[in-house]
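Asks: Hey, can you work out the whole structure from these sequences and the hints?
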Amino acid sequence: MRRALPALMLIAVCAACSPARAERLIVSVSNHRVTVTPNYSGEELVLFGSVEKDASTPAARNYDLVVTVAGPRTDMVTRRKERRFGIWINSDYRQFLQVPTYLALFANRPFDDIASADVERRQQLGLNNVLLTQRVGPDYADVVPNDAFRKAFVRLQSERGLYREDTSAVTFLTPTLFRTGIPLPAQVPIGTYDVEIKLFADGALVAKTESAFEIVKIGFEQFVANTALQNSFIYGLVTAALALMTGWMASIVFRKD
Amino acid sequence: MQIYLPIADLPVNIFLILAMGAAVGFVSGMFGIGGGFLMTPLLIFIGIGPAVAVASVASHIAASSFSGAITYWRRRAIDPALAAVLLTGGTVGTALGVSTFTYLRALGQLDLMIALSYVVLLTTVGAAMLWEGFRAILRTRRGVLPPRRTHNWVHALPLKMRFKRSKIYLSIVPVVIVGILIGFIGAIMGIGGGFILVPILIYLLRVPTSTVIGTSMVLTLVTMVFATVLHAVTNHLVDAVLALILMIGGVTGAQFGARAGQKIRGEQLRLLLGLLILSVGIRFAVELVLQPTELFTIRQSEAAQ
Numbered sequence: 068m069r070r071a072l073p074a075l076m077l078i079a080v081c082a083a084c085s086p087a088r089a090e091r092l093i094v095s096v097s098n099h100r101v102t103v104t105p106n107y108s109g110e111e112l113v114l115f116g117s118v119e120k121d122a123s124t125p126a127a128r129n130y131d132l133v134v135t136v137a138g139p140r141t142d143m144v145t146r147r148k149e150r151r152f153g154i155w156i157n158s159d160y161r162q163f164l165q166v167p168t169y170l171a172l173f174a175n176r177p178f179d180d181i182a183s184a185d186v187e188r189r190q191q192l193g194l195n196n197v198l199l200t201q202r203v204g205p206d207y208a209d210v211v212p213n214d215a216f217r218k219a220f221v222r223l224q225s226e227r228g229l230y231r232e233d234t235s236a237v238t239f240l241t242p243t244l245f246r247t248g249i250p251l252p253a254q255v256p257i258g259t260y261d262v263e264i265k266l267f268a269d270g271a272l273v274a275k276t277e278s279a280f281e282i283v284k285i286g287f288e289q290f291v292a293n294t295a296l297q298n299s300f301i302y303g304l305v306t307a308a309l310a311l312m313t314g315w316m317a318s319i320v321f322r323k324d
Numbered sequence: 079m080q081i082y083l084p085i086a087d088l089p090v091n092i093f094l095i096l097a098m099g100a101a102v103g104f105v106s107g108m109f110g111i112g113g114g115f116l117m118t119p120l121l122i123f124i125g126i127g128p129a130v131a132v133a134s135v136a137s138h139i140a141a142s143s144f145s146g147a148i149t150y151w152r153r154r155a156i157d158p159a160l161a162a163v164l165l166t167g168g169t170v171g172t173a174l175g176v177s178t179f180t181y182l183r184a185l186g187q188l189d190l191m192i193a194l195s196y197v198v199l200l201t202t203v204g205a206a207m208l209w210e211g212f213r214a215i216l217r218t219r220r221g222v223l224p225p226r227r228t229h230n231w232v233h234a235l236p237l238k239m240r241f242k243r244s245k246i247y248l249s250i251v252p253v254v255i256v257g258i259l260i261g262f263i264g265a266i267m268g269i270g271g272g273f274i275l276v277p278i279l280i281y282l283l284r285v286p287t288s289t290v291i292g293t294s295m296v297l298t299l300v301t302m303v304f305a306t307v308l309h310a311v312t313n314h315l316v317d318a319v320l321a322l323i324l325m326i327g328g329v330t331g332a333q334f335g336a337r338a339g340q341k342i343r344g345e346q347l348r349l350l351l352g353l354l355i356l357s358v359g360i361r362f363a364v365e366l367v368l369q370p371t372e373l374f375t376i377r378q379s380e381a382a383q
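From first to last, the protein sequence lines stand for chains U and R. Residues in the first sequence are numbered consecutively from 68, following my numbering. Residues in the second sequence are numbered consecutively from 79, following my numbering.
Derived by calculation from the structure, the hints in this document are not laboratory data. Even for Gly, the Cβ is constructed at its ideal location relative to N, Cα and C. One thing to keep in mind: the hints can contain errors.
Claimed, not checked - Short, incomplete list of chain U residues facing chain R, as computed with Cβ under 7 Å:
no., residue
1, THR145
2, SER158
3, PHE220
4, SER225
5, GLY228
6, LEU229
7, PHE321
Claimed, not checked - Simulated coverage check for chain R against chain U, where a stretch passes if three residues somewhere in it have a Cβ under 8 Å from a Cβ of chain U:
no., region
8, 109-117
9, 182-191
10, 236-244
11, 319-330
Said to hold, decoys possible - For the chain R half of the interface with chain U, some residues (derived, Cβ under 7 Å), not all of them:
no., residue
12, PRO84
13, ILE92
14, PHE123
15, PHE144
16, SER145
17, LEU199
18, ALA310
19, THR375
Replies: Here it is, written out as structure tokens:
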């Protein structure tokens, strides 16, 4: 029964979208390969696109658009401090499995206005509805949006600029032409970013498309970071040698006699 | 000028780091210590993760103690035999310290342990130095000579060895134990341990003041070089860019500090150092007891890396 559920959902989703083949989404990102240099202080990608209609499309439809950008996935741990013996120490923790390191959700108006709560949950609209799988003991599950660990995780990621939600970021330039900015802070992790664009009309999903871009770090700093991971022994020796060199140079430069 | 630290994963101002290196270097040159106990907290304070701070400061201390050790070597103020015996303990202690560090990090309790060790060690050592400094100043005011103790229980231990340059005849057991202890806490706390080692060598092992600082610098140098390599291999936490900026600031500041230190009298110097150490310890204690503004922390888990 549990296995049949996703299959059923798939059928339900397809049933919802198949009669609405009328719209097609054409999108493009301003840059498919973002290179982050040492003095990178954050920039903004622009995603633009248009809704293509054909003869069967109802003429005057109001469209809503939701853009989801998800960075490379990894396991994260959230820890909570509690007062024990008069001092504050890490006690309880939750593991988040394969969660995006960067997550941005953009729309042209509040998610509640775009679709019903049920559709919002199914289409993962908004940070409250995005699936963030936790491991609680032996179980794997996403918990309710107001779970303390989930809330803290989303809040901390938002503070670092890595998780964001903006329901006024998507602007329709004409009824069918839209654009949105994707801000990328200085701490963006490297890797492939998936962009998912969903078009809604009258509270239902009518079209969907995907795009992607890549973030690569270049320069001396990235070389150092790679060496530290891949050739850690040589890296350690070089750092130690650097220390000895600096010390030796100083003793020569500042030699008093 | 902003520069990106590759391992700390953080953009910082290069001049701020240089200035911090120089300031700590000045203090370390003045008191003849490595200055790790000041540098690590400062780095944590500007937002660098405690683990990266501890690992990177090790190489900074190695640089400043090497330049110091060269100077002391030229003055023949290093006892090679004593340094060698201390080092056998020191390397074992450092290896133990780095593996404990790795274990605590996996448990998620590393930051707490770093803070706790700072509180315990710095408040006790700081208070003891302050007390000793006060007594010394009072003694000189009254014109009383310091009490001379010649032998203690340490001299009753077996495996005695003659350390020629220090002109002492001493059991190697306490020397090795002291080496292990300093290596261990150095690797965990990101300190050279000079400020603990020097009093132990003077008061417990009766090493003469002529060789004590130079010899302690050799131990600091070797344990910190060893710690740098071990931290790099096991935890990948050494930030070479950060370390290099700190070193350059540090060795420069140390030269000016050393000149300033010669103008201040010994007891006053110890009193000042005690005060400094104590205040850093108290600052850590306050942080542990007060409710933090942020109760939650997130980190990439080990399995994913």
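Asks: Could you run down the list of hints and mark each one as holding or not?
Replies: How the hints compare with the structure:
With a least beta-carbon distance of about 5 Å to chain R, the hint placing THR145 (chain U) at the interface is held under the 7 Å criterion. A hinted interface residue such as SER158 (chain U) counts as satisfied when its beta carbon comes closer than 7 Å to some beta carbon of chain R; here the least separation is about 9 Å, so the hint is violated. The interface hint given for PHE220 (chain U) holds, since its Cβ lies 6 Å from the closest Cβ of chain R, which is under the 7 Å cut-off. Because the closest C-beta pair between SER225 (chain U) and chain R is about 11 Å apart, greater than 7 Å, the hint is violated.
The closest approach between the C-beta of GLY228 (chain U) and any C-beta of chain R is roughly 13 Å, which is over the 7 Å cut-off, so the hint fails. Taken as an interface hint, LEU229 (chain U) does not check out: its beta carbon lies about 10 Å from the nearest beta carbon of chain R, beyond 7 Å. Taken as an interface hint, PHE321 (chain U) checks out: its beta carbon lies about 4 Å from the nearest beta carbon of chain R, inside 7 Å. Requiring three or more residues with a Cβ within less than 8 Å of a Cβ of chain U, the coverage given for the region 109-117 of chain R is violated, as only 0 such residues are present.
Restraint check on the region 182-191 of chain R versus chain U: 4 residues with Cβ-Cβ distances below 8 Å, three needed, restraint holds. For the region 236-244 of chain R, the stated coverage by chain U is violated: 0 residues have a C-beta nearer than 8 Å to a C-beta of that chain, whereas at least 3 were required. As drawn, the region 319-330 of chain R meets chain U at 7 residues by the rule of a beta-carbon pair under 8 Å; at three or more, the given contact holds. Hint status for PRO84 (chain R): holds, given a least beta-carbon distance of 4 Å to chain U, under 7 Å.
Below 7 Å, beta-carbon pairs count as interface contacts, and ILE92 (chain R) has none with chain U, the closest being about 11 Å; its hint is therefore violated. For PHE123 (chain R), the shortest C-beta to C-beta distance to chain U is roughly 17 Å, which exceeds 7 Å, and the interface hint is violated. Taken as an interface hint, PHE144 (chain R) checks out: its beta carbon lies about 3 Å from the nearest beta carbon of chain U, inside 7 Å. The beta carbon of SER145 (chain R) comes within 4 Å of a beta carbon in chain U, closer than 7 Å, and the hint placing it at the interface holds.
Given hint, LEU199 (chain R) at the interface with chain U, is violated; its Cβ is 16 Å from that chain's nearest Cβ, farther than 7 Å. Hint status for ALA310 (chain R): holds, given a least beta-carbon distance of 3 Å to chain U, under 7 Å. The interface hint given for THR375 (chain R) is met, as the beta carbon of that residue sits about 5 Å from the closest beta carbon of chain U, less than 7 Å.
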